[in-house]
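Asks: Add chain B to chain A, keeping to what the hints say.
Residue numbers (the working numbering), protein chains in the order written: chain A, 1 to 192; chain B, 1 to 566.
Simulated from the structure, these hints should not be mistaken for laboratory data.
Ideal Cβ placement from N, Cα and C applies to all residues, glycine included.
Honestly, I wouldn't trust all of these hints.
[Said to hold, decoys possible] Here are the computed distance ranges between Cβ atoms for each label pair:
(1) A:Ala-138 with B:Ile-471: 24 to 34 Å
(2) B:Pro-327 with A:Asp-30: 54 to 64 Å
(3) B:Trp-166 with A:Glu-101: 52 to 62 Å
(4) B:Arg-187 with A:Ser-10: 55 to 65 Å
(5) B:Gly-360 with A:Arg-166: 31 to 41 Å
[Unchecked claim] Where chain B lies over chain A, by a calculated footprint (3+ residues, C-beta under 8 Å):
(6) 58-64
(7) 74-85
(8) 114-122
(9) 143-151
(10) 173-182
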Amino acid sequence: MTEAEPHYLSAEEHEVVAAACERLIPPIGDHPGGRALGCADYVDTLLGAFTIDPPRIWAGGPFSGRAGGEARFADFLALSRVEELAWRTRIEGSRGIPEREFNGPVTGWQAEYRDGLVALGADFAALSPAEQDARLDAVPAFKDLLYRHACEGAYADPEYGGNRDRAGWRAIRFPGDVQPRGYTDEEVTGRA
Amino acid sequence: MTDVDAVIVGSGPAGATTAAVLTDAGWSVTILEKGRNHLLDLEPPHGPLGHVSNDELKHLFRYFLGPDPLIEPRTYRRREADGERIFTGGVNNLPSTVGGGGFHADGKLPRFREVDFHARSELGPIDGADVVDWPFGYDELEPYYAEAERVVGVAGDHTANPFAAWRSGPYPMPPGPDMFCAVLTSRAASELGFHPYRAPTGVNSVEYDGRPACNNCGFCGFFGCPIEAKGDPVAPLRQALRSGRCEVRPESYVTEVVLDATGNRARGVRYLDAAGVEHEVSARHVILAAGAFETPRLLLASELGNPDVVGRYLMYHFQTYVLGVFPFSLHGHRGRSVTHLMDDPIVPDAAARDAAREAGLPYFRGGIVEHGAGAHPILEAVHLPAGETHTRLMLESPMRERLAAFTMQGEDLPQATNRVDLDPRVNDVWGRPAGRVTFLPHRHEAACAAHWAPRLEEVMRRAGAESTFWITSPPLEDARGGVQRDPTPISRHVMGTARMGTDPRTSVCDPWHRLHDVENVLVADSSVFPTSAGYGPTLTIVALAIRAARELAGLTPLRSSPPAAP
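Bound conformation, chain A alone (with noise of 0.2 Å):
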C-alpha cells in the first residue's frame, strides 16, 4: 500500500481484520481467503475513505478500461454536502455533531471495528481457528457487519481497495464489468 492510499487501521489492526476476513471466507481450492483477497484491505480502505480527496465511496466511470475504453474507476467521485454528511457520520459516527444527529446519535463504522476488533483481541491472529470462530461468535453484530465488509471486500471492484488482482472474480468465473465491450448476442442466448 503507497502513501496516498487511504487508510485508517493501524498494522496490528489490520493483521486482526485479515485473520477474522480469512475465516469469514475461507479458502477452498482455487477460491482465495479473505485475507488474501484483500478484505482488510478493503475495510481499511472504507473506514479511511475520508483521508483523501475526493473520499474513496464511489468509483468513477463510465469504464474501468479492463474491457476497452479510458480507466476512469479510480478518478472517484466528488460528494454534495448532504451525502458528505451522510458517509462521514456513518463511517465515523455522529460524535455530538448537531447537524448528524438530527434523529439521535449515530454510532460510526470506526467505533464498531475499534470495539469489535478489541473485543477479538490483539492475539487473534496466533488462536487456532476454532478459537477464533468462537471469538467471532462471541460478538455476533461486528461478525455481521465484518462479513458484510469482506463480501464487499471480495467480490467489489478492486478500485474499492479489495478483489486483490480481481482474485475473488476469477474464483467464481465473474467477469466483472464489462463495458464497453459487452456480451455478443450469441453469448446472451447460447449456452454458456
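Replies: Only chain B this time, still in chain A's reference frame:
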C-alpha cells in the same frame, strides 16, 4: 409575470416527459430535482456525464442513486396498532437523482389492458378494498401509449402477447436477444399452457434517437446505463434541455407549494439549494412529479389537496418470487436482466376463478411474470452464511450463476388505510418530517400469490430446475399479521396516493391531473393511478404525463384507431 411558465418538482419519467411536451409547445420550464445529477451534462450539447458504470458496490450498496436513508429516512408500519413505526430506513426507495425512478429500471415497459381502466364496472367490488374505474379508458390513452413508446424508444414484438390490448401500430424497434435462462423457462411455460412473450423493453435493440444499441453488459436492473442504451428518462430530459427552454436544478429540495393571496391558486414553490439556502420560483403552473411517495408528502406538508384522500390508497405490486436452481450455468449476468414476460395470471382461467371463490373473493388478478436470473456476486455473497459454506456456495453458485427467477408483479388493491403520511418524530436532513408508510396487503394479494406460485414452480422444474422455492414481498406471514424482521415491501412500483377521479369528494385530482381545489397544480406521476393493475407502471406514467401536458399546453388531443383488418 412569473419566473417561468411551469415549475416541475422531480425529473423522473413523469417530470422529464412533462418538460419535453411543454417546452415543445414553447413553454419555459424549470425542473427542481432533490437529488444529484449523474445523468447528463446540463450544458449543451447535454452529453452523458460518465458517472454511471458497471459497479455493483456503488449502485446496490452505497446509495449512489439515492436516497441515502441517513439523509432521507422513511418509516414504516403495517397498521396504526403497530404504534408510530416499526422500521426506519429505506422504504421502497426509488432513485432520488436527476432522471428519478427511470434511472435504475431495466426498462420493461408493458401497457395496461382495457379492463384495467374499468375493473370496478367489469369485475365488481371486493370487500375491504376500494376498486374504482379510471375516469377514462384504454382507447383514449392508446395514442399516448404509442407516443410514449416512440419517445422512450421501446423494442418489442407487437404480435407476441395474445392477451395484449389493441395497438395502433408496432413497436419502434424489434426485440433484443433472448437471455439463455428465458429461452429455457419460456419454452417450458409454453409447454404447460402459459403464453410467454418477448418483453417490450425501453432498451435499444438498434441505434435509436442518436443513442447506441444495447451491448448486453448485464448491469441493467438497478443500474444506470453507461452507454445510454436505455431511453428512460434520458431521452425526454435531453429533448427538453435541447429546446433551450428548460433548466434543470439538481440538489434543489422543494419544501412547499406556495399559494397566492386568494388561496385558490399556486404562486410557485419554495426550495432549498445545495447549500441549504431558501429560494422561491414563481410559475403559472406547478407540476408535481416527485413520485407516489414524495408527491403526497409534499402535498401534506403544503396542506394541499383533498385532506380525506391525499396519501391514501397507496399501492405497490405484491411481488411473488419463484426461484429455481439449475444444475448448470444460466449466465444471467449477460443481457437485459429480463427478456420475457407472461400475462397469464392477469387473465384468470377456470382454476384461478375457482381458487378465488374458495378464498371468498369474487375474483383475483396477479400480474406480469418476469423471467429473470441471478447476476451479481456481492448480492449473492451477503445472503450466504459466513465460513466454509460461504466459499463453497460462491463456487457452486446456486443463488447466482445457476438461479432462474420468476417475479410476479401482483395487482395490489387500493385500500384507504394504506397510506403515506408525515412521521410525527423522524426527520430528514433538512429538518422536515420523514414520510411514513402504513401498509398491509389485502387478502386478495396473498390468495393470488398462493395460487400462482406452485404453478410457476412447476414451470421451473420443467425448464430443468433441480430445486425450487417461492417467497413473497411483503411476506405472506406478514399479510396474515405476523411480525417480520424487515417487513417493508421490496417493490419499487409505488402508486395511488393522489388518485384521480371525477368526484372531488373521493379523489385528489381531476381526470386531467389538476388538484380539485387548486387547479393550476398538476400531479403528473403515478400518484394519480386509481388502481395498480399487474403491469410495471412506467409506460403508463409516461403516457399519462404526455396526455395531461398536451391538454395543459392547449395542444390537440391525440387520436388513434386499430389498424384495419388485413
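Asks: Find the hints from earlier in the document that the structure breaks and name them by number, from lowest to highest.
Replies: Numbers 2, 5, 8 - these are the hints that the structure violates, sorted from lowest upward.
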